[in-house]
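J.: The residues making up each chain are set out below.
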Amino acid sequence: MTHEQAIELINQYFDESLSAQDAEQLKLWLEEKPEHVDLFARYAIVHASLEHVLVTRDIGGTLFAMLNPDHTSETEDDSMMGYILNEISNKEHDDLDPLPIEDLPHLPATPPTRPRRKEDTGKDHETDLIFRMAGLRMYRTEIDPARQQRRPWFPVAATVMIAALIGLAFILTRPQAQLPAINADTPVATLTKARDLTWHEDSAAITLGDSLTPGSYEIRSGLARLTMQSGAKVLLQGPCKFELVNANAMQLITGQLTAKVPRKAKLFAVNTPTAEIVDLGTEFGVSVDPSGNTVAAVFKGKVHLAPASHDDDESEAGLVLTSGLQSSVDARGILNTNPQPIPNDHAFFRTLNESDYDLQLTGDVRFYRSPPIDTRLTEHYLRSHAIVFLESANTHVHSDILGVGTETRTYTAATFNEIKNTDFLPAGTTVDAYMLQFNPPDTVDSQLLVQMTVRFPRPILGVISRPAIFRNTDGLFGHPLVNYQNTGKTYGVRGIERVDTVDTVTISPDRMSATVSLDTRLVDQVRFLIESKPAE
Amino acid sequence: MSENLNSNQNASRHQDLARLWSAAQPVITGYIRSLVAKPDDAEDILQQVAVTVAAKTDSFPSEPHRFTSWSLGIAKNKVLHYWRDHKYKNNLIFNSEMIEQIERYYASHASDYNSLSATLEKCIEQLTDRARLLLQLRYVRDMRPKEIGQRLGISPRGISVTLLRIRKALRDCIDRAEQQKSTP
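Protein sequence lines, in the order shown, are assigned to chains A and B.
The opening residue of the first sequence carries number 908 in the numbering used here; numbering runs sequentially from there.
The opening residue of the second sequence carries number 202 in the numbering used here; numbering runs sequentially from there.
With the rest of the complex left out, here is chain A:
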């Protein structure tokens, strides 16, 4: 590969547009000589610094303001984007071009216009909020926060995190969602998706596609996705009680929800009896127990969490939670100012069916987002529950794998033994692998039965629960960080027990669910192979 070709691949890597084949080429080239890695680093430092300079100095935004004097900060983000794209497409000449930058290819030609300088950009609520949040800029005085317009959280996120962790308070003026006037008859949300949804008898029975007006609702069981008129998508988990306030605000009285809030719906607000949560462009979860204890967990972006105000005291303290953290407001309305990492086994559903980890679990099982590093380490597990984790995704099977159960039936250790030379997962299949494991308590005095159902987002194509088949397929389907070789105190014995027929795995007729019963005497493992998500 020539030097020029390598630089092109390096740039494609920076632009997240490197194909698998080119990635391999780049890898080989980097491995050739240390000088190649240095050349990569020379370009990498430009790439990384570009983001730092452009975001923190907001060169592009200032330029945009200069070029577009008619823009006001209330303008929709999309229209600003449209303007920039238009500007790139339509400008024929630039009078500043000392560097050898060629024009974009195939641009339509229109006469250039020299823009007037913008007099006053004004400040919208968001900018104002960012400005106030940058009150925590005690460490970043060199940057004018009013100039940080887009993705300001990336460079400040870790500063925010440090500030939070070392206990420096962020005293923010509570951000107030800008809410339209409430009209009880105006729909504020639509039920856009549901799964196994049943409403409480006192609640109006809403079906898919129905609009919801402001008012109180109660879900008895299942999942409901509401799309708010503002664009925010709220996934409610039954049982829960909630009240829709308007197109961009709701009250969660008890239960759990997760919300994905697009930019246009920023400042989506969820109030609970004890807390107020205001989104700052994010995905987050809220849970409220019957006494009002509120937990807010941020999966992406950030939210502002504050105790509910019972008067008009605007100076109520709150904190900004960044991604991966959660915090709480207790039943008395006391805010926990020390955010904690969101635990692996948190119970929030984040999607209905799109995601790899979108498993519906019932019974004695918990989903682990991060796998246990060593399957021997029982402290990783909940003693009374099995765990399930994603081992690998999109694994292509090149040759038939014998001993994989592919039928919709009930399997025991005996039946897994029977099929070891007859049933197989055929070559050409592409699967995601999930491991379900139960490490029972150390004491085996009491024999208990744990039972669970796991519903997968896509059909189950195969199931493995024999030690030999595990060993043969760990390399193919196993998670690279997990040591599968020593499993629990029953060294080397994996799968469900052959002692009797208490342990069972039943694949449902539609292949979407597995019902598993395990006794608590020995460690149990079941590997599920499910159809991979089709490539987009």
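Note that these hints are calculated values from the structure, not bench results.
All of these numbers come straight from a predicted model, not from anything done at the bench.
Be aware that a few hints might be false.
In the DMTMM-like style, the derived pairs of lysine to aspartate or glutamate whose C-alpha atoms are separated by at most 20 Å in a straight line are [what the hints assert, rightly or not]:
#1 Lys239(B) x Glu931(A)
#2 Lys239(B) x Glu1190(A)
#3 Lys323(B) x Glu379(B)
#4 Lys1148(A) x Asp1196(A)
#5 Lys369(B) x Asp945(A)
#6 Lys934(A) x Glu301(B)
#7 Lys369(B) x Glu915(A)
#8 Lys369(B) x Glu1190(A)
#9 Lys1207(A) x Asp245(B)
#10 Lys934(A) x Glu915(A)
#11 Lys347(B) x Asp1196(A)
#12 Lys239(B) x Glu915(A)
#13 Lys279(B) x Glu298(B)
#14 Lys1207(A) x Glu298(B)
#15 Lys239(B) x Glu911(A)
#16 Lys347(B) x Asp929(A)
#17 Lys934(A) x Glu298(B)
Covered stretches of chain B (in silico footprint by chain A; criterion: 3 or more residues with CB under 8 Å from a CB of chain A, positions within the stretch not fixed) [stated by the list, open to error]:
#18 219-232
#19 261-269
#20 302-310
#21 333-343
#22 356-368
Glycine included, C-beta positions come from ideal geometry on N, C-alpha and C.
With chain A fixed as given, assemble chain B onto it according to the hints.
T.: Only chain B this time, still in chain A's reference frame:
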């Protein structure tokens, strides 16, 4: 009395940590972004580094250059872990030697990182308006060439090539500025 003293000492350590982190953060961010192309993943790793750094209020180096190198070491471990963790679904480009070599490169440039940013800013000012707007779409709006190309009706490759030329031009501009500085 001694409790007050301890509390004051702690507050002072925290302030030192915050100050040092603030200075080191652009370098750490840059290092992570070099090795982790996805911005969200890079952000997560940066936060993990911050969490680890913040947990070490009793043991962080107080000299700025050493602090940055020390933080880069933490970042290197997080990046190594990331690549191992994502091995099964991503194309594995970097091996551990490369990740370490790039860490050393960043460590050796840590002291002039701010001046590099200032030079880069001046170089960006020399670009055409159009080139700067394209950079804004890529870096501030976080759009990939495919998305930009779709919106403009231009092939993604056309966008990629233009971004490549812009980066090359900026690299040359920085090199020239550094040469001028080193020439008396």
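J.: Take the hints in turn and mark each one as holding or not.
T.: Results for each hint:
{"no.": "1", "hint": "Lys239(B) x Glu931(A)", "result": "18 Å, holds"}
{"no.": "2", "hint": "Lys239(B) x Glu1190(A)", "result": "18 Å, holds"}
{"no.": "3", "hint": "Lys323(B) x Glu379(B)", "result": "13 Å, holds"}
{"no.": "4", "hint": "Lys1148(A) x Asp1196(A)", "result": "11 Å, holds"}
{"no.": "5", "hint": "Lys369(B) x Asp945(A)", "result": "15 Å, holds"}
{"no.": "6", "hint": "Lys934(A) x Glu301(B)", "result": "15 Å, holds"}
{"no.": "7", "hint": "Lys369(B) x Glu915(A)", "result": "10 Å, holds"}
{"no.": "8", "hint": "Lys369(B) x Glu1190(A)", "result": "37 Å, violated"}
{"no.": "9", "hint": "Lys1207(A) x Asp245(B)", "result": "9 Å, holds"}
{"no.": "10", "hint": "Lys934(A) x Glu915(A)", "result": "13 Å, holds"}
{"no.": "11", "hint": "Lys347(B) x Asp1196(A)", "result": "45 Å, violated"}
{"no.": "12", "hint": "Lys239(B) x Glu915(A)", "result": "18 Å, holds"}
{"no.": "13", "hint": "Lys279(B) x Glu298(B)", "result": "14 Å, holds"}
{"no.": "14", "hint": "Lys1207(A) x Glu298(B)", "result": "31 Å, violated"}
{"no.": "15", "hint": "Lys239(B) x Glu911(A)", "result": "24 Å, violated"}
{"no.": "16", "hint": "Lys347(B) x Asp929(A)", "result": "17 Å, holds"}
{"no.": "17", "hint": "Lys934(A) x Glu298(B)", "result": "12 Å, holds"}
{"no.": "18", "hint": "219-232", "result": "holds (count 10)"}
{"no.": "19", "hint": "261-269", "result": "violated (count 0)"}
{"no.": "20", "hint": "302-310", "result": "holds (count 5)"}
{"no.": "21", "hint": "333-343", "result": "holds (count 11)"}
{"no.": "22", "hint": "356-368", "result": "holds (count 12)"}
Hints 8, 11, 14, 15 and 19 from the earlier list are contradicted by this structure; the remaining hints agree with it.
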